[in-house]
Amino acid sequence: MPTNFKCTECEQDIARVGWCPSCEGANYRENFNKWTSGDRKIDEIIRRSQSNPIVSDQVLEWIDYQELDVYGLIGEGGFGKVYSAEWHKGPRDLYNIEINKWIRRGPTEVALKILNDLTKAEDFFVELEAIMKINAPLFIAKTFGISKDPKLNKYVIVMKMYSLGDLKNFLSKRKNMRFIERAALVGWLAAGLLKIHENGLIHRDLHSRNVLIVLMDDPNFQGPKNLGLIADFGLCKADDRKSVEVRGVKKYVAPEVREGSPYTKESDIYSYGKLVQDVFENNSSHLIDVLTANCLSREPSNRPDIKMIYIFLKEVVVFYELGPDGYFNLFYRVSDELKSVKQELNKIYHYDYSNMKERLIKSSENLIAAFPMHEGGLLMSCGALSSTLKEVVKAPIERIQPMLDSA
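Numbering (my numbering), first residue to last: 189 to 595.
What the hints contain is simulated information worked out from the structure, not anything from laboratory work.
Heads up, simulated SDA-like pairs for lysine to any residue below, C-alpha to C-alpha not over 20 Å straight-line: (1) 330 to 293; (2) 229 to 341; (3) 495 to 322; (4) 342 to 272; (5) 348 to 261; (6) 342 to 228; (7) 348 to 295; (8) 348 to 278; (9) 462 to 382; (10) 330 to 302.
Please take these sequences and the hints and turn them into a complete structure.
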């Protein structure tokens with residue numbers, strides 16, 4: 189892992205100021221005998237998350253139910269009901285520079301998902317542990333830990349509260365969102381799904397109620413202001429091609445799954461395409477229409493993978509944000525500022541002067557290759573998309589050809 193700091197206790201290199209995985213893990217292990225969830229499997233999952241946490245976001249806690257003040261019902265899902273609540277101590281996510289330690293935030297509004305069936309819940313916790321290992325707090329809804337309602341004798345998942353609600357609610361109140369905001373939002377969702385697929389998992393239940401919206405108001409954050417975080421991993425499992433039980437919201441379930449085929453990454457892409465349609469309802473463009481048509485192909489093998497969708501949408505966002513001239517100025521100006529942007533959000537922006545032209549052309553070819561010609565007439569042909577992408581990539585290349593040749 190990248191190292192920029194040293195632990196003040198053991199002097200090991202660490203990636204995050206004040207957070208030493210070795211020391212933090214040792215501290216958590218010392219307290220293992222001071223709590224129990226009452227369920228061995230749940231205890232094991234929580235303890236594994238605490239044993240060597242690379243960052244605080246990976247830690248699950250056992251939270252005493254007495255630390256929670258429950259307010260009211262805010263929603264229902266396949267695994268139970270969701271309530272708003274206040275967690276008295278709050279998460280340990282504030283760094284106190286005076287004592288060089290991470291401290292608890294104090295009273296924090298949270299969402300409580302009360303589970304109906306422990307048998308299904310155990311499967312959920314196993315997948316929750318895998319999701320925590322993805323370490324993508326900017327893309328995946330944050331879970332703080334587990335508790336148990338002693339009166340109901342039911343386990344509770346303690347999650348971060350997202351005040352803007354879910355995607356469906358957000359879209360109903362934001363009818364006038366600009367095209368670029370919509371494109372950035374679905375691009376962010378693609379990044380989250382990419383994290384899931386890269387870890388060999390399938391979400392299996394993507395829909396507008398399982399995407400939570402957060403406003404990123406940090407002026408130093410170089411990304412969209414409205415972020416869509418993927419939530420509810422109750423059905424999320426590894427790609428085993430065996431499970432054929434159909435669950436979830438019918439509109440978002442791929443046709444092959446409804447007909448008895450197992451969930452796959454391709455069925456997630458279908459669900460993602462439906463989300464893109466939701467976001468761009470009556471506000472689409474030719475490029476987005478091509479994207480959704482391919483995601484919703486009747487034939488699963490004709491759907492693009494999420495990595496190509498992610499790259500494609502980053503290109504679209506940059507182009508519409510900057511315009512043709514600004515788009516190319518971005519790639520031509522290789523600056524320290526660009527290099528400092530998080531690598532996972534900026535891979536395609538890193539261009540060297542020496543091969544800029546070749547990289548831009550290759551980028552265009554990759555975008556075109558993502559959407560090949562398919563039978564049936566549903567999808568746009570390669571030639572039609574190539575013509576559209578020429579506006580995005582090839583035309584600006586020709587416009588600054590002398591500049592590129594002299595670079």
